[in-house]
Structures are given as C-alpha cells and as structure tokens.
Amino acid sequence: MKKYDFVAIGDTVVDAFIRLTDAEVTCGVDNANCKLSMDFGAKIPFESVTELPAVGNSANASVAAARLGLNAALVTNLGLDTRGDVSIAELQHNNVSTEFIKQQTGKKTNYHYVLWYSDDRTILINHEKYNYELPDFGEPSWVYLSSLGGDTLAYHDSIAEYFEQHPSIKVAFQPGTFQLKLGLERLKKLYAHTEVFICNLEEAQGLLGDTKSSVQELMRRIHMYGPKIVLISDGKRGAYLLSSTGKMYFMPPYPDALPPLERTGAGDAFASTFVSELILGKDILEALRIAPINSMSVVQHIGAQEGLLSQEALLSYLEIAPADYVAQELI
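The numbering used here puts the first residue of the sequence shown at 1, with every later residue one more than the last.
It is possible that some hints are incorrect.
Derived PhoX-like pairs: lysine-lysine, alpha-carbon spacing no greater than 20 angstroms straight-line [unchecked claim]:
1) Lys2 - Lys43
2) Lys212 - Lys228
3) Lys2 - Lys170
4) Lys3 - Lys35
5) Lys228 - Lys188
6) Lys2 - Lys129
7) Lys189 - Lys236
8) Lys129 - Lys108
9) Lys236 - Lys35
10) Lys282 - Lys170
11) Lys129 - Lys107
12) Lys129 - Lys181
13) Lys170 - Lys181
14) Lys35 - Lys2
15) Lys102 - Lys170
16) Lys170 - Lys189
17) Lys3 - Lys170
Calculated directly from the structure, the hints in this document are not laboratory data.
Given the structure is predicted, the values throughout are model-derived calculations rather than measurements.
Using the sequences and the accompanying hints, generate a full structural model.
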C-alpha cells in the first residue's frame with residue numbers, strides 16, 4: 001500500500017455559490033449574532049451562481065496539502081451520480097488520490113447552497129445519509145479529520161479504534177458542527193490521539209460552554225483532553241496557539257493584498273497549511289507564520305480551493321511580510 005503523507009477524512013460536497021445583491025445584514029453588539037435578511041414571499045434577484053465540486057473541510061485540506069507537494073488522499077463518500085463523478089475528476093486534477101473514495105448506489109452527492117452577500121456567506125446544508133465504512137488506508141504520516149454528517153457516531157468510534165491500532169499516525173482534528181455538538185467527553189478517545197486541534201473562537205466557546213474565559217484558558221482546557229497543540233483562530237483578528245511545551249502565542253493575520261472577495265475556506269486554508277508545514281519539517285512558529293498567508297490568498301477568490309498557493313508562493317509572500325508579522329509570545 002502506498003505510504004501517504006496526508007490522509008483527510010470527512011464529508012465532501014458540491015457548493016452552489018449564489019451571489020446576492022438585494023439583502024441586508026444586521027448585527028448586535030460588537031458585530032455579534034449577525035442576521036442575513038431578505039423580503040419574505042418576494043422574488044429576490046441574484047447576480048450569479050457558481051458551482052464548485054469536491055469541497056468541504058477535508059476535501060479542501062487534501063487539496064491544500066497536495067498543492068504544497070505532499071502525497072495526499074481523501075477518505076469520503078459520494079453519490080453514484082454526475083456530481084460525484086465530477087468531484088472525483090476535480091480531486092484527481094488537484095493531485096489528490098481518490099482510491100479511498102466510495103460512490104454509493106442510491107445515494108446523492110452532498111449539495112449545499114451558499115448565500116454569498118458582500119464578502120461573507122451563509123450556507124444551507126443537507127448531508128446525505130451514507131453507509132459509512134472506514135477503509136484500510138495504511139499508516140500515513142498524518143490523518144486530518146474534519147466535518148462529518150450527523151449520523152456518524154459509530155463511524156467516529158471506528159476512526160478512534162483505527163488510531164489505537166496505528167499509534168504512529170499523527171492526528172489533526174478540525175471538528176465540524178456535529179463533532180462539536182458531540183462534545184469532549186463523547187469523543188475523548190479521538191482527542192486523546194490528537195496532535196493538533198484547530199477550531200475558531202466561537203466553536204471553542206461552544207465546545208466548552210464558556211463565553212467568559214480568555215482564549216488562553218480555553219486552549220488550556222482543550223489541551224487537558226489530549227491535544228498536544230491547540231490552535232484557535234479569531235477570524236480577521238488573527239490566531240492563538242498553545243504549544244506542546246505550554247507556551248502560548250498570538251499570530252496576526254497576513255495583510256490582505258486586496259479587499260476580500262468572500263471568506264469561504266479561510267479557516268480550512270489556515271488549518272491545513274499549518275499541518276502541512278509541520279509535515280514538511282517546519283517548526284510550529286514557522287508553520288504559524290506561513291498558514292495565514294494561504295487564508296489571505298483564498299479570500300481573494302470564490303470558494304476554498306482556487307486561491308490555495310504552492311510552497312514557493314507562500315515563501316515568496318513570507319519574504320515580503322511586514323516587520324511586525326511575527327508570532328507574539330503571550331505571558
């Protein structure tokens with residue numbers, strides 16, 4: 001069996017980006033709890049529709065890793081339909097191995113509607129109920145686990161068992177909505193095997209049921225469940241890291257080359273690039289400096305994959321970074 005550097009596990013979707021022009025966004029205090037509003041019962045004009053196959057957290061991560069030169073594969077399920085065929089072709093075009101992808105008879109490939117307004121989006125999701133069976137994918141250097149549908153509890157147990165049977169595998173865990181809802185206790189075996197845990201600030205607060213504590217305290221509490229490295233992103237404000245030695249750092253965002261077009265995939269780009277750079281031999285602070293560059297690039301394009309950069313391009317951006325673009329150790 002081929003030895004992979006990077007195997008991603010998670011659901012794959014086709015995204016239909018619907019660009020809205022006649023809508024309104026209202027937010028609460030500190031731009032929290034924002035709502036997208038349109039007239040109910042009306043005919044709402046839209047500017048365009050763009051379909052993007054083979055996306056989703058794990059698919060995006062596998063493409064990012066492949067673009068950085070890693071041997072990458074994806075473990076996922078698709079429908080035995082045209083959208084599934086197109087998704088497989090797209091992954092192969094991006095040098096991602098599809099040998100662990102199963103197209104299931106009588107099932108549809110996941111299809112999501114992305115309501116794109118200004119530079120952000122709201123996604124209408126509907127996960128197909130697949131028959132989840134974990135294939136034997138050998139012992140890759142790293143496994144990147146991310147979003148799966150809501151009927152996959154037993155599948156998560158199978159994944160945890162696979163890690164127990166293959167302790168040499170390093171695990172990166174970027175939980176999706178269902179995985180966050182399951183909580184730390186239910187997935188404690190997965191957390192115990194996790195080398196790098198990545199989520200955003202709102203997700204960390206929801207996971208711990210705590211909106212009051214500092215980011216540093218949230219990272220410490222997640223670290224107690226097993227992850228050696230904890231990364232919490234805070235959108236346009238930057239990201240925080242807790243290292244395996246207990247040191248904490250804040251990393252500012254890389255300056256946008258242009259105003260963002262739309263922000264889908266920025267978090268996926270950050271997380272998967274950080275992990276890929278570790279695989280490529282970078283230390284955690286080098287990886288932490290490089291990862292935001294891919295996020296900056298991704299938001300200049302539609303969707304999560306078009307803007308993903310090569311290693312050469314990332315390092316070129318790093319060479320021209322501002323002098324204050326450095327990780328700041330937190331006391």
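Outcome of the hint check:
1. Lys2 - Lys43: violated (53 angstroms)
2. Lys212 - Lys228: violated (24 angstroms)
3. Lys2 - Lys170: holds (17 angstroms)
4. Lys3 - Lys35: violated (46 angstroms)
5. Lys228 - Lys188: Answer holds: Lys228 to Lys188 is near 14 angstroms, not above 20 angstroms.
6. Lys2 - Lys129: violated (30 angstroms)
7. Lys189 - Lys236: It is violated: about 32 angstroms lies between the C-alpha atoms, which goes past 20 angstroms.
8. Lys129 - Lys108: Holds. Lys129 to Lys108 sits at ~9 angstroms (cutoff 20 angstroms).
9. Lys236 - Lys35: Satisfied, since the Cα-Cα distance of roughly 19 angstroms is no more than 20 angstroms.
10. Lys282 - Lys170: holds (15 angstroms)
11. Lys129 - Lys107: Holds. Lys129 to Lys107 sits at ~8 angstroms (cutoff 20 angstroms).
12. Lys129 - Lys181: holds (18 angstroms)
13. Lys170 - Lys181: violated (24 angstroms)
14. Lys35 - Lys2: violated (47 angstroms)
15. Lys102 - Lys170: Judged against 20 angstroms, a Cα distance of about 24 angstroms means the pair is violated.
16. Lys170 - Lys189: holds (14 angstroms)
17. Lys3 - Lys170: Roughly 14 angstroms separates the two Cα atoms, so the pair holds.
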